[in-house]
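When you get a sec, could you build the whole thing from the sequences and use the hints?
Protein chains: 2
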Amino acid sequence: MLPEIQTPAVLVDIGVAESNIRRFQDYADSHGLKVRPHIKTHKLPALAEMQLDAGAVGITCQKVSEAEAMVAGSGRLRDVLITYNILGEDKIDALRALAQRTKLSVVADNAVIVDGLSAGFTTADEPLTVLVECNTGADRCGVETPAAAAELAARIAASSGLLFGGLMTYPPVGGAERAQAFLGEAKALIEAKGIAVPVISSGGSPDMMKAHQVPVVTEHRPGTYIYNDRSLVARGVCGWEDCALTVLATVVSVPAPNRAIIDAGSKVLTSDLLGLTGHGHVLGRPDITIDQLSEEHGRLVGDGDIGLTVGQRLRIVPNHACVVTNMVDAVQIVRDGSFVATWPVAARGKVI
Amino acid sequence: MLPEIQTPAVLVDIGVAESNIRRFQDYADSHGLKVRPHIKTHKLPALAEMQLDAGAVGITCQKVSEAEAMVAGSGRLRDVLITYNILGEDKIDALRALAQRTKLSVVADNAVIVDGLSAGFTTADEPLTVLVECNTGADRCGVETPAAAAELAARIAASSGLLFGGLMTYPPVGGAERAQAFLGEAKALIEAKGIAVPVISSGGSPDMMKAHQVPVVTEHRPGTYIYNDRSLVARGVCGWEDCALTVLATVVSVPAPNRAIIDAGSKVLTSDLLGLTGHGHVLGRPDITIDQLSEEHGRLVGDGDIGLTVGQRLRIVPNHACVVTNMVDAVQIVRDGSFVATWPVAARGKVI
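Order-wise, the sequence lines are chains Y and U. Position 327, counted from 1, in the first sequence is what this note's numbering calls 327; the numbers after and before it change by one each time, with no gaps. To convert, count from 1 in the second sequence and add 1000; that's this note's numbering.
Hint data in this document are derived by calculation from the structure and do not stem from the laboratory. Certain hints may be false.
Pulled a few chain U residues facing chain Y out of the computed Cβ check, cut under 7 angstroms [unchecked claim]: (1) L1052; (2) Q1062; (3) S1065; (4) V1268; (5) E1296.
Footprint (simulated), chain U over chain Y, 3 or more residues, beta carbon under 8 angstroms [what the hints assert, rightly or not]: (6) 139-147; (7) 248-259; (8) 288-299; (9) 326-335.
Distance ranges between label pairs, derived from CB positions [stated by the list, open to error]: (10) K1193(U) x P257(Y): 26 to 32 angstroms; (11) D1053(U) x R23(Y): 54 to 60 angstroms; (12) G1055(U) x T342(Y): 20 to 26 angstroms; (13) A1192(U) x P257(Y): 26 to 32 angstroms; (14) R285(Y) x A1192(U): 38 to 44 angstroms; (15) K210(Y) x L1002(U): 43 to 49 angstroms; (16) D115(Y) x L1002(U): 22 to 28 angstroms.
Predicted model only: the values in this text are computed from it and were never measured. No residue lacks a Cβ here, since even glycine has one placed at the ideal position from N, Cα and C.
Next up, the structure:
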């Protein structure tokens, strides 16, 4: 299997990725919803271009350095939303430089962030667009009430160097009704102040096909959907054949009939469980469990003789595709089972 | 706190690392045990040199590409053990090239590996030293019985291009008695065939101060000990003050009095739990739990008002230091609380 590729390797089936992009874009188009994919899943400028070609309005990044790497990697990424509270002079300087090269929006959920952005952009050529992040159930970041959203929106609108851009949430865990209620009320409160709410942005792949159930939302930011993974198969969102990212590994040891060791451990598959048991799915071998990872070893076990031999290659669908992308300097692009090219992961490791 | 460093960042307190190196070397010296540190924890040629200066006989790496990066990064790393079953023509070619630059040993736990190494080294200038990996309780790699170890040792000794180098185990989980019994019996069986057993190598930081309880062992390969981490504090092996690696993070959101969000998520701290609850220890704040990580967010919670403010910096001891090293392109070296230098992580991401 793919003898030209050394293992362990991260494979991306580009045909499957194309289908995955198309499926969600068609859904979104049919509901009048804009698509702004989160590039955290692939971190590849070329795949972001494929998403734009399919109809995406722009991209989402999570950190400033990630956005820098993407914009540096493609002259066509000209509309970037960074869904993060950005703080500190160095980062805001970087943001100002990036805003010279692309249409840029960020988010904020508190006044310290807004005031820092305003201080940095007061003397900039163009104002920075800032959306208010809202907590609709995930209990991560986000203002807690529609009234707080309206208050922060007004602060943004009144801040020199800033433009209020709308509302953002991730993910609408509380369900469609709760997200619709929160975002709808926040929108009404903000509009009552005479401030327009041009964008309401939601995110997440697990519920992306239900995005229309929150009608106040104008755009959606799916990430994992381009590759899919074991967590999304477990949720019934896709099948194994829709998983574009797999890990190619080699059996290096078969110490016992019911146990084999592969050359991919947590440095490739990661320890992310996402609520699952085991560390990935061996394609074609649902009887095998990857029950333990150390950094460079994956342990495969089964009830009886699992019949693996040293040197055999396996393809594994990881629990969580996005984090696997971040573990390797390059991915191997395949199509219809054949090797196509090696692509460096341009935005890997960009945590600043 | 360290305003010249952007967050999130991985800090290494070099003074603490020096003390950690010294402590184990003194213990090993007092028991006549050789030290061959595993560089997976730091992946830094300069720290490997510090370990040699303290008295280490050489280093341990887990993959060929990791060894290549270390040897390329220091002219002084001239004795390298790769504790892995190495398979495939490309990797064995790389091994042969590496053997031109450093004294090299590898391990094997099955005949396929031995035969592949022999085929690759038959025409090499010097034979390759191969140790037999033994399973003394971890149930990962390793031959299962002393008799199997002896059989594989004889195969290595009879293979052209190879030298039998001894026995290797990781970690002796079954306890000192079991490891001593397995390794002692294997040694006797091999010597009965007229084959010398020059090295018996054990590993692991958790039980490193008990290495002398397996008297047949001649060298130990601790990794994590140079940095320590939350898992080793939890096992009572060290205190927080002995943790050389910490993650510097900034609070970016305080959505509720009992909840704050930092700018370090699983892309820095990783999802490794090592049996613990929570994702790290906030230094000076034992009342806070890091209860959830997404890729770029860490969620800190407490029972009541945790009193954090946006912009505040925190230092976190991760659950597992080795995997954190692998997440960043560079670490920030500090001493006595002051910034010293930025060091690229030379052997990061080397999974081949």
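Hint compliance check: list the failing hint numbers for this structure, sorted ascending.
1, 3, 12
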